[in-house]
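S.K.: Sequence:
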Amino acid sequence: MATAAAAAVAAPEQPRRRKPAPGRGGVALPAGLSEEEARVRAIAEIVSAMGELSRRGEDVDLNSLKSAACRRYGLARAPKLVEMIAAVPEADRATLLPRLRAKPVRTASGIAVVAVMSKPHRCPHIATTGNICVYCPGGPDSDFEYSTQSYTGYEPTSMRAIRARYNPYVQARSRIDQLKRLGHSVDKVEFILMGGTFMSLPAEYRDYFIRNLHDALSGHTSANVEEAICYSEHSAVKCIGMTIETRPDYCLGPHLRQMLSYGCTRLEIGVQSTYEDVARDTNRGHTVAAVADCFCLAKDAGFKVVAHMMPDLPNVGVERDLESFREFFGSPAFRADGLKIYPTLVIRGTGLYELWKTGRYSSNLVSC
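Using full-length UniProt numbering, you'd call the opening residue of the sequence shown number 1 and step up by one each time.
Honestly, the hints are just simulated from the structure, not real lab data. All of these numbers come straight from a predicted model, not from anything done at the bench. Some hints here could point you the wrong way.
[As the list claims (entries may be wrong)] Derived DSSO-like pairs: lysine-lysine, alpha-carbon spacing no greater than 30 angstroms straight-line:
1) Lys103 / Lys80
2) Lys299 / Lys238
3) Lys103 / Lys357
4) Lys180 / Lys340
5) Lys188 / Lys299
6) Lys180 / Lys103
7) Lys238 / Lys357
[Unchecked claim] Simulated DEER-style distance windows between Cβ atoms:
8) Tyr231 / Ala91: 29 to 35 angstroms
9) Leu345 / Ser185: 40 to 46 angstroms
10) Leu97 / Ala68: 17 to 23 angstroms
11) Gly253 / Val318: 36 to 42 angstroms
12) Ala301 / Ile240: 28 to 34 angstroms
13) Arg77 / Lys299: 50 to 56 angstroms
14) Pro89 / Pro332: 52 to 58 angstroms
15) Pro89 / Glu227: 35 to 41 angstroms
16) Arg41 / Leu339: 46 to 52 angstroms
Where a beta carbon is used, it is the ideal one built from N, C-alpha and C, also for glycine.
Sequences and hints are given; from them, build the entire structure.
M.R.: Okay, here's the thing in structure tokens:
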């Protein structure tokens, strides 16, 4: 009874003061702020400080500003560039965006390059040679069956294409929006069509793919390629160029006329080697003479031509590779407008991988 009476007359306990909630990194957040509110305030403070320093003509140390804001607001993770770009006032965008833009080299020329991929399909020369090139990964019959021919599926463009289920509209629109969020100007776009030999696909699919690329710029739903190009020409985001990857045997007169109707301006053609025996041994499915012929046809049609060369192929030493490049640059039959060099890689599931496993191929570039 005495205990009950004492409890009845005891003074009520004072409410305990709540401590600031810890952030994800264990750092205490300011009192009364959620983690999201603290992040918003930190971003606003960083952008405001950048604008003030810029107006005074002082150097802007973005990393220092982010570190100070994270300490002040108890953030375990620094704000992303995308979040800060979205918070920049319109009046300060011209001065602050160049400091916040991620990978400015992507649009340094004033053109945003947007790479897209067609759906996985078999290499066209399987029908004539019985197999693909010995070094080529990807494609429906490979260990990387979810990826397109010549790619493993782990390249950034491949992963974006797989995520979009190879839908051309989604690929183009999402990449343009991503570049815009990163602070890049996207009023001029050049498409690069990757993923095997595009011109070997059925005409209906090619028209569908090209039509949707142009529609992704204009936002219009077109009935055919001609209508899509017409609307694209008058959209705010314009297609100023298009590159298509192809092979010499899919770069003949009918193919060139079709690609011109798509708005294509540049061709990337797989040459790999200027030696006939190497083209035969690697199962290319075409001759070096066919390469020279298609270069001539493409240039006469007004295309820019970019060649793909692959040093260190089987049965080619360093000296033969050097001589191959001398011929490529010196012979009037070649002399492309551009060159991409792809050193030979041994990739699981390819014919070259089997040659390497059995000791019939070893790289000459590693020891150079």
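S.K.: Each hint needs a verdict: does it hold in this structure or not?
M.R.: Results for each hint:
Taken as a hint, the Lys103 and Lys80 pair is honoured in the structure, with Cα atoms around 14 angstroms apart against an allowance of 30 angstroms. A C-alpha spacing of about 24 angstroms is found between Lys299 and Lys238, which places the hinted pair at or below 30 angstroms, so the restraint holds. Simply put, Lys103 and Lys357 have alpha-carbon atoms about 39 angstroms apart, too far for the 30 angstroms limit, and the pair is violated. Pair hint Lys180 plus Lys340 holds up; C-alpha atoms about 28 angstroms apart against a cutoff of 30 angstroms.
Taking the CA atoms of Lys188 and Lys299, the gap is near 24 angstroms; set against the 30 angstroms cutoff, the hint holds. For the suggested pair Lys180 and Lys103, the alpha carbons sit about 12 angstroms apart, so the restraint of at most 30 angstroms is met. Restraint check for Lys238 and Lys357: the C-alpha separation of about 49 angstroms exceeds 30 angstroms, so the hint is violated. In this structure the supplied range 29 to 35 angstroms holds for Tyr231 paired with Ala91, their Cβ-Cβ distance being about 33 angstroms.
Separated by about 35 angstroms at the C-beta atoms, Leu345 and Ser185 break the suggested range of 40 to 46 angstroms. For the pair Leu97 and Ala68, the beta carbons lie near 22 angstroms from each other, so the given range of 17 to 23 angstroms is met. Checking the proposed 36 to 42 angstroms range against Gly253 and Val318 shows it holds: the Cβ atoms sit about 38 angstroms from each other. The supplied range of 28 to 34 angstroms is broken by Ala301 and Ile240, whose beta-carbon atoms lie about 19 angstroms from each other.
The hint said 50 to 56 angstroms for the Cβ distance between Arg77 and Lys299, and at roughly 52 angstroms that hint holds. Remark: the range hint 52 to 58 angstroms for Pro89 to Pro332 is upheld by a beta-carbon distance near 57 angstroms. The given range of 35 to 41 angstroms is respected by Pro89 and Glu227, whose C-beta atoms sit roughly 39 angstroms from each other. In this structure, Arg41 and Leu339 meet the distance hint of 46 to 52 angstroms, their C-beta atoms being roughly 51 angstroms apart.
Of the numbered hints given earlier, the model fails hints 3, 7, 9 and 12; all others are met.
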